[in-house]
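Turn these sequences into a full structure, and let the hints steer you where they fit.
From first to last, the protein sequence lines stand for chains A and B.
Position one of the first sequence corresponds to residue 201 (my numbering), numbered consecutively onward.
Position one of the second sequence corresponds to residue 201 (my numbering), numbered consecutively onward.
Just so you know, the hints here were simulated from the structure itself, not pulled from any lab data.
Cβ atoms here follow ideal geometry from the backbone N, Cα and C, with glycine treated the same way.
Just so you know, not all the hints are guaranteed correct.
Some chain A residues close to chain B (C-beta under 10 Å, calculated; not the full set) [what the hints assert, rightly or not]:
| id | residue |
| --- | --- |
| 1 | 250 |
| 2 | 256 |
| 3 | 258 |
| 4 | 264 |
| 5 | 265 |
| 6 | 336 |
| 7 | 378 |
| 8 | 382 |
| 9 | 402 |
| 10 | 533 |
| 11 | 535 |
Protein chains: 2
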Amino acid sequence: MARVVVVGGGFAGLWAVRALARAPVEITLIDSCNHHLFQPLLYQVATAGLAAPSIAAPLRHILRRQRNVTVQLATVSAIDRAGRTVIAAGARYPYDYLIVASGVSHAYFGHEDWAGHAPGLKTLADALHMRARFLTAFERAESSRCAAETRAWLTFVVVGGGPTGVELAGTLAEIARHTLTREFRRIDPRTAQVLLVEAGARILPAFAPDLSASAHRQLERLGVTVRTNSPVTSIAATEVRVADETIHCRTVIWAAGVAASGLGRALAAPVDRAGRVLVGDDLSLPGSPEIFVAGDLAAASGRGGPVPGIAPAAKQMGVHAAACILARLAGRPSAPFRYRHQGLLATIGRGAAVVDLGRVRLTGLVAWWFWLLAHVYFLIGFRNRLVVLIDWADAYWTYHRGARIIVEPSQPP
Amino acid sequence: MARVVVVGGGFAGLWAVRALARAPVEITLIDSCNHHLFQPLLYQVATAGLAAPSIAAPLRHILRRQRNVTVQLATVSAIDRAGRTVIAAGARYPYDYLIVASGVSHAYFGHEDWAGHAPGLKTLADALHMRARFLTAFERAESSRCAAETRAWLTFVVVGGGPTGVELAGTLAEIARHTLTREFRRIDPRTAQVLLVEAGARILPAFAPDLSASAHRQLERLGVTVRTNSPVTSIAATEVRVADETIHCRTVIWAAGVAASGLGRALAAPVDRAGRVLVGDDLSLPGSPEIFVAGDLAAASGRGGPVPGIAPAAKQMGVHAAACILARLAGRPSAPFRYRHQGLLATIGRGAAVVDLGRVRLTGLVAWWFWLLAHVYFLIGFRNRLVVLIDWADAYWTYHRGARIIVEPSQPP
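Next comes the structure, spelled out in structure tokens:
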């Protein structure tokens, strides 16, 4: 039986595995995490709205009924193209077909020293760390006896005006303005300042310009200060330099950029500037038709330009890679990948969102309901959708956030 | 206004603060965690049944309406009895009355080197660590290619036959026998061995002897191997010595003993063998009537012997310490503490528990329903009781466990 190895259990990898459920193949799914993550809601874990298990499910639980797949918790260290073998945690996994879907992580564009001061958001561990950081900032503000220091603890800078940055900035502003009121005695959390800084001319550059403008207005209504054309030039423990200005702040969140996981390089294949692997029409590696790259790691093109790094695109690529393998097994040629763009969604806060479906564009409350229903719909398959709904209904009516638990040891003062 | 400092936001400290809600005092509650923890369900977080936020709530959220209390997230480093000042995170908190309720942590009785191999369970961080450990053990068993190593990864030793040890052992056996079936391809999780080892003659020694015997039988029915009169003599990374036998195992859980937090020593007061502070009749420190010690940290006595280290006792002590302060403020003498014993409960697994209410003793399904209703009742006040109920109903019907997410980096193979 043909051996298929899939690296990465995100949307691309998991959808590829599922698409091979009835195929006469032996699949090994390798991931360094034990769970599939519903990444579009990761910002909710980071901002204490949802518990980590509500948006993650063990890969082996999801795939327990698919008997042709073995799940391995291991980190891939090398891919031997000539020997058609994946090496992970000291073990060797020979393959006839390989799907690499190990995704992206945040990148600091040569400023790796910023990582310690400005954590990014890609994994559950990132989200829990970010949650502990911003909750601890309010605690430090309360215990500080120096006005300038209190100010710095109450200043939050979100770097990057893409969907993640917009979601984080909007939610942080809501928490400061609504969730935490009455809980502190020495500070007024409503005086917290949330800045969203974006190097480009507008936030949400992938959306239509009028939606960017609407998101900008909706954010400012929530209390976020939005600065466009504002490249960050330095980040240190207590300050950020944005263009020519120094902002004294103790919490910086990085939502500005991603780079492909190191496996792109392990494939020894041509990559683009962000480290994404340049793939052929059918998502296979030029020269190695038995290797496919899917999801955010792949630099693929659709009719309207590059395929965006969003969950629906990753699912489509995963399914396509699986279909190509099925075609090859049947002796048919593989078809080229065609990306079907379904739209772009970004939520901003309670009743605030933007939705870009091409001709149909929504803003405000209507967009927010659209966003909510879409996400609940796509959470189906997760057992936690009911719990998520309860948490959201609770948050909507009361502004409470149920996961405001600092589990990491608190930072030194 | 009189200044009251309370150290510790557990059951004793939080109940003391609440009992002072209408008193003309200025309260400062200092805790090194930002949350109150519903400790009786901590084993559920450790065994992936509940998400961490479901059993914890931020102290400042619980106390937001009580305007006479300021919550400080800080670790107390010293208590200056002569200067009547608590020192925490570099700041000084002068007091007229002090309640120390900083609880206990697990202790290894002079074998501190065991700590790395046999984690204990007192905090949420402990629970998340333990969860990652036992889930990772099954992953390692699946990827191991050596039969002896697989066996060791599938052997779990719980040290200590008190309520926590019984709960952990019973739940681990259930997970292996029911939750994880069908999810692995190379191992059968049902072959996992769970041992509960207890140095004394019977498990649950605080319960009536017939209940100990019932718990023993109920555990064995769930698949746990119970060994009494089996003191542990050494714990290393890959083996445990119990009496004269060597057990090869990779997962050891410590539920054998607790010692008072270091603050007992910081008070420079007489302590018992476990480091608990010897308090007077009214829970105050002999020679320092303005200092009270409450909860697990206090070595107090009731009519029937020492007061047990359980949540109801801690609440009663906290309320009593507050009442003593109110009496002193009113110029009245403080009353002696009288412990009202309400009973002992321990759950073992699905439909299995023991309840000791003195004359009334329950076992099996009836005891389990009693335990369930008591815990749901006492979770009231936590917003998460609905979420907990859903998780439990789900677990009861399907044996699923919703929080099977490994967030820590996985252990090296």
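Unmet hints by their number, sorted upward, for this structure: As far as the earlier hints go, 7, 9, 10, 11 are violated by this structure, in ascending order.
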